[in-house]
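Top to bottom, those sequences are chains A and B.
Note that our numbering numbers the first sequence so that position 138 is 138, with each residue one more than the last.
Note that our numbering numbers the second sequence so that position 142 is 142, with each residue one more than the last.
Think of the hints as simulated: they come from the structure by calculation, not from any bench.
Be careful, since some hints might not be right.
Unchecked claim - Incomplete in silico selection of chain B near chain A, CB under 8 Å:
1. L45
2. N139
3. G141
4. Y196
5. I202
6. I218
7. D219
8. T223
Note that beta-carbon positions come from the ideal geometry of N, C-alpha and C, so glycine has one too.
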Amino acid sequence: MKFWNKKIASFIAVGGMFAAMATGAQADEWPTKTVKLIVPYAAGGTTDITTRKIAELLTDKLDENIIVENRPGAGSTKGTSMLAKGRGASHVLLMASPGHVIGPAIYPGIDYDPVKDFKFIRNIIDVPNVMVVSGDSPYNTVAEFIEDAKNKEMTFGSSGVGGSLHMSGELLKSMTGLNLTHVPFRGSGESVPAVISGDVDFSFENLPVAMPHIKAGKMKALAVTTAERSPYLPDVPTMQEAGKGYGLETFKVSAWFGLIAHKSFSEEASLKMQKLLDEVIKTEDFKEFMKTRGAVAGVQAGDDFKAFIQDEVKKWAVVAEKANVKK
Amino acid sequence: MMENFTEVLSLFLSVDNFIAIIIGVVIGVVIGAIPGLTATMAVALALPFTFSLEPVTAILLLVGIYKGGMYGGSITAILIKTPGSPASACTLLDGYPMAQKGQATKALQTALYSSCIADFISNLSLIFFASYLAKIAMNFGPPEFFWLICFSLTIIVSVSGEAIIKGLIAACLGIIVSCIGLDQMYGTERMTFGHYDLMDGISFVPLMIGLFAIPEVIDFYYTKAQPHIIKNVDKSKLSLQEFKQCLKSIIRGSFIGVIIGSIPGTGATASAFISYSEAKRTSPRRANFGKGEPEGVAASEAGNNGVAGATLIPLLSLGIPGDIITAIILGAFMIHGLTPGPLMFQQNLSLIYAIFCGIMLSSIVLFIVGNLTIKYFSKVSDLPKPILLPIVLLFCVFGTYAVNNSIFDIGVMFAFGIMGFFFAKMGIAAAPFLIGFILGPMFEDNLHRSLLISKGDLSIFVRGPITWFFIALTIASLIFVIRRWHQGRTVNAEVDQNLE
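Modelling step: build the complete structure from the supplied sequences, incorporating the hints.
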């Protein structure tokens, strides 16, 4: 009766939460109250699922409860803006993703600085994007595709303007100078059939979304966008390998998910969270979770993570401006 | 074969599965019945609870919530003119007038029976025609969508009541409001006036609640009406005769739902409106539509529940989620290490059939739960308005806030509430506004996408049999509408002449 066990556990957890709120925790060490994880996207997406998994695993390791709160809107910038304003900053964290670095390049009127206003805790997972064409497409390699694209206009689909999938296409365009036209769809539910049926010439998709279609032969994977090959598609080259000689030697994009906090977040708490996240990432449970999402563990923490974000902000500002997707 | 059969049974016949379905349906019905709390939200919030369940149990819990939510949305649409979910917005057109006439029980029964029948038909289609329907869905590109939307836009006329011109104006206003926010193609700002909260456009739930529920509240206090108690006076149940009259629309609505549901990206709301429009066009009692006709409720509910099983077709057979709920269910599959798609039918056939068994069972559970709850829900319409309306207002504010945790959305709800109130005073139907708001962006996006794909070549709009079919349907529907309108005007002119 696992189901009932789960139910009872949930009730105890909720009851515990209220009890903790009523009495107030006495411990001096961080956290001294409930920790809130903000998801700047709607419930049910990859960011939400990842955050809830992390919350579940962290709950066992912290003395306080963790709650997950969805604050969607304007890419991820609405929720991030809330964090930047700093209310209850000592116990609030946010699950950042590429929207954190792309958003400022395309949304007007953003009232925070994506680097200076935050403290960067740890990058948790990296999910590669993969360049795919229809299973019936004549192209089998990135080189074949580029050679053909030099002579004609090509179209690429994405799940929407300003996402990491769209911007991967724009990055390819800006690095190769090819004549590529973006065709945005609403979500991968619409963009995937468009590639399979050949309505668009190619697209970038998140690896877990594309995987079943690649395995079924409906799509061909030309390259993954990360610097390293994906353990889930070991035969597919990276964009850097496949685009050698075509100016793609530094091409690197991934959908990363990492925790950030307000700039006033204490150093002690930040280090504690880094340590706990290191432990969580190594658990079998989380490894299994990463496998289902086609993800690998993120490596950057603290200042390294901040430097990574700084580079990403600069990179996407240039690409967005070239692509004419700008404020 | 026998081995597979035993394996299916062993996967399906567990107490956990039965409990999951029952809990799922009950949660779905309750959440669906609360304005603003949609089935999507309920499924999303239940997802983390499924991490530790067995795969079949997890999926069945989510499917149960989905199905319960689709029906639950109709309860408040009928009783208090507040659709619990967008897909049941069409149900209130006839459901609420029925409740006002004191036929709340009958309206709820009609909604339940048509929901369950449509759900059942949708499930059968999923089980027997999944691969065939999936093939059609894969041939649905932007030009095919464009024509489907064109056809759907002709619905505006049938939900405009007698004031077609006013209906068209409302639809145009809906389209204009839908343009607010960042443009889907280039990310350029439209009518945001630099306001951060308008970047994503107007949210659907606040607009819908504002448009339908708030005008009732304003009107009550504006007219300073005497506390008028509409008792659920007519305790009569849906008679066999009435059910038979609805059956044709239920069956047709179910199949419309199956087709629309199997195409990714269209959704239950459009399906409900198309089904309603078709029922109104063909019914011998079409004059009663909008005034409390059970067939209107049946058509709408069959249309939106017919989608429920069919949205799983592209998910299970292609691995493509057709809407947000199926995207979340896809997430649940992946959490359990399963990848829906053609390979799943080869590798996990027993599991798929165990899920199918559960889905069929969920229709039956929905029927039982629905029947048990009708008599309690119908008591809501017995409440005196001075008590009921503040409660409605509370739920509206709560539900609207819950969507995005946004105070701004509450303002949006009241703004559209005031607009809805003036619409009612001027005799403008609110439903065409809603349709314009939903279909406008789909029309624009697919027109734009088609032209981007074809690099400006217009021949893409007649590229294959599906486009031809929908062009023919659109033209036929337009001819029908114009003829009906012309006939109506002639009759009115004759009446005027006779009066003179």
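Each hint tested on the structure:
| no. | hint | in the structure |
| --- | --- | --- |
| 1 | L45 | holds (6 Å) |
| 2 | N139 | holds (7 Å) |
| 3 | G141 | holds (5 Å) |
| 4 | Y196 | holds (6 Å) |
| 5 | I202 | violated (12 Å) |
| 6 | I218 | violated (28 Å) |
| 7 | D219 | violated (32 Å) |
| 8 | T223 | violated (37 Å) |
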